[in-house]
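There are 2 protein chains.
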Amino acid sequence: MGVNSNRVEDFSSHETALRINTEAVMPPMIHSVCPPPQQTTLQKLKLRLGEIFFPDDPLYRFKNQTLSKKLVLGLQLLFPIFQWGPEYSLKLFRSDIISGLTIASLAIPQGISYAKLANLPPIVGLYSSFVPPLIYSILGSSRHLGVGPVSIASLVMGSMLSEAVSPTEDQILYLKLAFTATFFAGVFQASLGLLRLGFVIDFLSKATLVGFMAGAAIIVSLQQLKGLLGIVHFTSKMQFVPVMSLFSTTEMSGPGKPLLLASSMKKPKLFWVSAAAPLTSVIISTLLVFCLKSKIHGVSIIGHLPKGLNPPSANMLYFNGSYLAVAIKTGIVTGILSLTEGIAVGRTFAALKNYQVDGNKEMMAIGLMNVAGSCSSCYVTTGSFSRSAVNYNAGAQTALSNIVMASAVLVTVLFLMPLFYYTPNVILAAIIITAVIGLIDYQAAYQLWKVDKLDFLACLCSFFGVLFISVPLGLAIAVGVSVLKILLHVTRPNTVVMGNIPGTQIYQSLSRYREALRVPSFLMLAIESPIYFANSTYLQERILRWVREEEERIKANNGSALKCIILDMTAVTAIDTSGIELLCELRKMMEKRSLQLVLTNPVGSVMEKLQQSKVLESFGLNGLYLTVEEAIADISALWKSQP
Amino acid sequence: MGVNSNRVEDFSSHETALRINTEAVMPPMIHSVCPPPQQTTLQKLKLRLGEIFFPDDPLYRFKNQTLSKKLVLGLQLLFPIFQWGPEYSLKLFRSDIISGLTIASLAIPQGISYAKLANLPPIVGLYSSFVPPLIYSILGSSRHLGVGPVSIASLVMGSMLSEAVSPTEDQILYLKLAFTATFFAGVFQASLGLLRLGFVIDFLSKATLVGFMAGAAIIVSLQQLKGLLGIVHFTSKMQFVPVMSLFSTTEMSGPGKPLLLASSMKKPKLFWVSAAAPLTSVIISTLLVFCLKSKIHGVSIIGHLPKGLNPPSANMLYFNGSYLAVAIKTGIVTGILSLTEGIAVGRTFAALKNYQVDGNKEMMAIGLMNVAGSCSSCYVTTGSFSRSAVNYNAGAQTALSNIVMASAVLVTVLFLMPLFYYTPNVILAAIIITAVIGLIDYQAAYQLWKVDKLDFLACLCSFFGVLFISVPLGLAIAVGVSVLKILLHVTRPNTVVMGNIPGTQIYQSLSRYREALRVPSFLMLAIESPIYFANSTYLQERILRWVREEEERIKANNGSALKCIILDMTAVTAIDTSGIELLCELRKMMEKRSLQLVLTNPVGSVMEKLQQSKVLESFGLNGLYLTVEEAIADISALWKSQP
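Those protein sequences? They're chains A and B, same order as listed.
No gaps in the numbering here: position 71 of the first sequence is 71 in full-length UniProt numbering, and each next residue is one more.
No gaps in the numbering here: position 145 of the second sequence is 145 in full-length UniProt numbering, and each next residue is one more.
Hint data in this document are derived by calculation from the structure and do not stem from the laboratory.
Just so you know, not all the hints are guaranteed correct.
Same chains, same label: a pair holds when it works inside one copy or across any pair of copies.
List time: in silico DSBU-like cross-link candidates among lysine-lysine, alpha-carbon distance up to 35 Å [what the hints assert, rightly or not]:
1) K353 to K295
2) K295 to K116
3) K293 to K450
4) K361 to K453
5) K46 to K70
6) K450 to K70
7) K453 to K640
8) K63 to K640
9) K614 to K329
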């Protein structure tokens, strides 16, 4: 307790010094707290909505420009391809063509298997890798997104539609419903973007994404492991092969392995190895299987597929009848799911390369490509996690890789189908696994643990949720944890007792700054949070406890009695009616104990509400100051003149 | 633009003055930013959990006390009755006995009708007005809560249980399930309190409660209007009376009307009138109906009820068998509903009389009274809205009014049943309506509209939700709106460009303080929110826009080029990993533009995270200052020495 009493003594000399300082050197000028400029409700609403929906002031480039320039800028805004197109170089093209061809080599088996998941004919999966990527490359703002059908949306569409219509007995109706659902998914996604609700995706934090990537990587790997072990999907010939024979089969499918290892041990310097590895693996393994086809048996290969271009399907959209509700519901559900995946994946790779993905633009791009897809025999597509990972790893630089992929798929669908006949499924599985395993970011997770335990918890929730429950639910839980963290911070805000740093006008936390000293008869509290209904009860209890503890401390040290509580409102960035009531009640409670309650430095919006609610009048002339320093100087002077 | 260039010129002279000031009068002392004291994760967790679950430091009274004193304090903590009991006076008793008797006169018809809603024998409703109020008066912390069965929980219990078991065909099993559901409701409620999850109810804001009260008042009034119009509930004699004859009946039930008017026009000064009115109305109207019974017909009266005390029902609890799941589910649902109503009502009246209701204590009190009730033939009870309103209006002062009510109900059940035979239902309906209509608080709603539009929206949601959907859903929507408001504030925080108030070290918003001036070559931004994943994208865009706009302004005014961005972190009360990344990225982006990024005055928790993430190292020596003033002085000096 010796330290404390020393402090008090220390201080009294300091206080004298301070008074001399303020009175001799500077005039004891008191600045009044200004309210923000007067605005009508409509003006405030306009400003607020502007901040919510157009924080980036998207049209600022158009100011003071000639009409032709405005036109160019407008085109660039609508079609990001005009932004990067003019600066496109041969070097970029080399990277894009390799990555485009690589993902094209994935698009074929993926399209087939995911279409099967959705109970659709395999060729629909291939069609879906042609039209949507073309549209996306013109409209999308991500440079690394590999567009195509995804497992989750395929699975959900398959199960939701087949509950209403049998895909085997009523094939045509089922196909119609699938295209209609795709249409509504697109309309739903595009309208979210049009309404500028892209900020919804801001709630997917980095922590959530680290967990999501790791969980999704494991799921995709496990799915692909089936292929790696040689389990046959596309021919029924092998259906009854006993489990034990799988292992011998796996040994047969050896050619992929060394390449897989080579590509998984890639270094950033060895760009060409990592970029060329998947495609080379495909070519070599296909050739090997083709040459050895008479000697080895049981290797799972892609096999025969029909040829032909996307037929138009706008006439198959189904806008009336008893199944319309099912189609709309399926469309909205798969639309949300695919949007979440697409934007999460887009943001992930944008973060890795330090560029921004505009959520609203992405939603519109994905939506429009699905609307276009539904008219050209495609089902729901989005940014695919595995395809984007391969695209990124193969060195994609712009959305052109999607055009390359689409062209490659087109050529394949038209002419090259027979060449892929002998591609072993195992090599495709290996490429996917290699790509996604690299995205499990232990170090980021460790950094989260070190810096922010609750972020780490969100990461874990996202990881285990995605792994053991489902992708959307896992993401939802992680977002829930993140939001809970915000609410927890608001519900239990920090309150800090402040002291003066001698010789300055700085007031800082006593517990952090050892040189800071208490000011006798004053208790200075900083509230570090908005004051809301959710914390007004807590803050009242906490402030009363600080006052009680301060009084006990003074009693123990025989200090001068507490006379004034200063609430520093600098960090109280908002207040609501419950918060205003708290201030009123606190003032009354303090008055009953003969303590004065003073507020310092309320921010604009708080000041406005204090004025509107007339609560300032009850605080009187000596109840509001601009700084803690001025409050102490003025109130001390007042006490001297009225002892 | 003239004003702006004037400002800049103005400033240059001010800057010289300032430099002279800092260099001549005060030494240019730079204070370093201290991190908070070192703590282990466990210590931090302990502190954090303490703040979350025990912000009021509930055991502080026990410190430095003798054992016997500790015992007394412990008793008071567990049983609030020991707090107010010793100071109880005859004056309080007079108020409590009147209000107790008044609510007792309500308890009888309410008990009967609500028990019918739950498909239970009418007498169970009366039992439920005897044991639970006794328990609550010992354990509860609200002084105005009138305890008894409530319509919502009764309705839900009736519909959920009768889905599983027919209340008419299997009466005993149905009764068993009702008691078992009550038992589980109590256990659930008490365990919420034991786990100190009482802060959950902090999310019911004043705005929500204003709307809830108004909506509930209208619902209860509409329910009671049936009684007021004389529709018969308890005798089947009148079932077929044509609608038109209702009006003649209503005329017959005249005696209540003048009293109803008298009591509805109550003034706070006319305490006795408002307190005595309901009971007097009951007595007079009963006598009138009794005297005139041979002359008038068709007046709906309470009629005959069986006599007897609560029989024990612990042996009727049902802990195995196929219906256990239904009982548990019903218990949890009715438990949540009745807890929400009870605590909302308790908080409402506590706010009106300026005292605190401890959420955790309330949950335990309500939970234990339901557990006790389930063993004494009672079904789910809680703080009833209508009963509490009457209790409050009749002048209740302490929980003793519940004991008075329970005793009155006991005496009634045992002996006085025949006296209430002739009480007209209409007078009871009139009492309830008068009580609840007074709780529709137009003025509070208008005040909400004036001060905070979003609070008003929450109030409206709560009002219309309760009125047109259901009480729990209405409350849930209102809480959702309130939470959304918090999230909106976090998602789109305020950023303010600051200037210096000449002659001081004060930096304030340029838009609010006309005397504040820009400092040439510096852009000072205050961020008024924690930096989270939810706003880091927005903040990045917004800060870049401020920089862009500042550069455009300087260009237009031919001012000195922007060299340094100062981010004032005083109001950034928390940061997460996304926020830290934002700072890193901003620093890099500014560096590319040859701009220096400087942080000032990060609070304790932010400073800690900046250190842990090693981000401070990248900011270097001139990247962190305690105040804006010191940052400007030091960096300006640096520029001078290295031109």
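Going down the list of hints, with the structure as the test:
no.: 1; hint: K353 to K295; in the structure: neither (47 Å within a copy, 92 Å between copies)
no.: 2; hint: K295 to K116; in the structure: within (30 Å within a copy, 83 Å between copies)
no.: 3; hint: K293 to K450; in the structure: neither (54 Å within a copy, 82 Å between copies)
no.: 4; hint: K361 to K453; in the structure: both (33 Å within a copy, 31 Å between copies)
no.: 5; hint: K46 to K70; in the structure: within (25 Å within a copy, 59 Å between copies)
no.: 6; hint: K450 to K70; in the structure: neither (48 Å within a copy, 42 Å between copies)
no.: 7; hint: K453 to K640; in the structure: neither (50 Å within a copy, 44 Å between copies)
no.: 8; hint: K63 to K640; in the structure: neither (59 Å within a copy, 37 Å between copies)
no.: 9; hint: K614 to K329; in the structure: neither (50 Å within a copy, 48 Å between copies)
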